[in-house]
Amino acid sequence: MLRVGLTGGIAAGKSLAASALRELGAVLIDADLLARTVVQPGTDGLREVVDAFGPGVLLPDGALDRAALGARIFDDPNARSTLNGIIHPRVRDKAAEAEAAAETSSEGAAVVVVHDIPLLVETGQEDRFHLVLVVDAPEEERVRRMIDNRGLTEQESLSRIRAQADAVTRNAAADVVLDNSGGPDDLLDAVQRVWSERLLPFAENLQDGRVAKRWGGPVLVENPDWPRQAGLLVRRLSRVDPRILGVHHIGSTAVPGLPAADVIDLQVTVSSLQDADELSSALAAAGFPRPSGPSPDTVPDRPQEEERHHCNADPGRPVNVHVRVHGSPGWRFALAFRDWLRANSSMAAAYLAEKERCCEIHRNDPSIAGYSVCKDSWLAECADPRLKTWIDDASWSPERAPVL
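Last residue of the sequence shown? That's 403 in numbering that gives the first Met the number 0, and every number before it is there in order.
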């Protein structure tokens, strides 16, 4: 089951995107609807709200007076936090029940469950999903929509926008930003594309425990967004199981300014290879299955004694996950090599020259396996001796290696 978080600022167009995803076949779980359910008359949730805010938040018939409650919390962060502490755990419990029901009724088919959560980022839930979609629109357009469609004043519209996370913060949590600065048809087209090109294939790969296909030889690119994307993945992987001791962004995409193949490498630290093997199913469920054959970006028959290799089920973000034992040579090398290249621009340039040489040789290959092998002699003969010297001179320690 693919779990997707959908969010967006007020009047950005999230509801339209949610409806479109439901029509395409997603199971939609509406957090706002659940939030109303958990404070219906007679519920523990409503009793706690009254205990916290007093009987003035009730209507004469005993139902929650949402306008009165909204007025109490709108400009009071502490009051909002109190209310969130009552509502959000109950909403998550109801959402989990809805997820379980969707999986039970799927009869083995791939399932995409979309959680429509207005305050997904504000409540720190972006790590709970395989993917997060954010619907975005310019502030002035959102204000216009609230004035035209909701009868609000400009100041009222801006106040509601300011009460939520700003666009930069919200978009930083996104795997996909759906631009709704144009007309509704433009947004619907974007939703259709992300459904057919990413969500549905991702769900099918999860269902079958299958790695997403990768095509073609190496192409070196620069992407300043790699660290942000890696950060999302690191946080998600860190939640998978307590036996994961740490997750680090490694490899060329972790070195600022260094062109690389567009594959993010992550190192997952465990205490033993037994833990690595026992984590295989949990990692697969999180979106990182083990390849059924040779890993797509490693060489056939290369010894794998020190690690277990996982890859992405998400067709939109190639990832290599190296599960290694704490303190093992491969674990140590990956962290040291990254930090060395960050600290030594001349060696980063030398490595880039070698990458470009190998890229040219293997440009027309069906995968980047040959490109990876091509660099091995340089790593062993040129990089490794210099790296060992740097480790000693810099008194480098893996315990001080940054996560990202």
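Be aware that one or more of the hints could be misleading.
[Stated by the list, open to error] Here are the simulated EDC-like cross-link-like pairs (lysine to aspartate or glutamate), alpha carbons at most 20 Å apart as the crow flies:
| id | residue 1 | residue 2 |
| --- | --- | --- |
| 1 | LYS374 | GLU355 |
| 2 | LYS93 | ASP31 |
| 3 | LYS374 | GLU153 |
| 4 | LYS93 | GLU153 |
| 5 | LYS374 | ASP364 |
| 6 | LYS387 | ASP375 |
Just so you know, the hints here were simulated from the structure itself, not pulled from any lab data.
Now for the hints, and whether the structure bears them out:
1. Between LYS374 and GLU355 the CA atoms are separated by roughly 10 Å; this keeps the pair inside 20 Å, and the hint holds.
2. This hinted pair checks out: LYS93 and ASP31 have alpha carbons roughly 12 Å apart, not beyond 20 Å.
3. Proximity of LYS374 to GLU153 is assessed by CA-CA distance (about 59 Å); at most 20 Å being required, the pair is judged violated.
4. Between the alpha carbons of LYS93 and GLU153 the distance comes to roughly 36 Å, so the proposed pair goes past 20 Å and is violated.
5. Of the pairs offered as hints, the one joining LYS374 and ASP364 holds, with about 15 Å between alpha carbons and a cut-off of 20 Å not exceeded.
6. This hinted pair checks out: LYS387 and ASP375 have alpha carbons roughly 16 Å apart, not beyond 20 Å.
Going through the hint list in order, the structure does not satisfy hints 3, 4.
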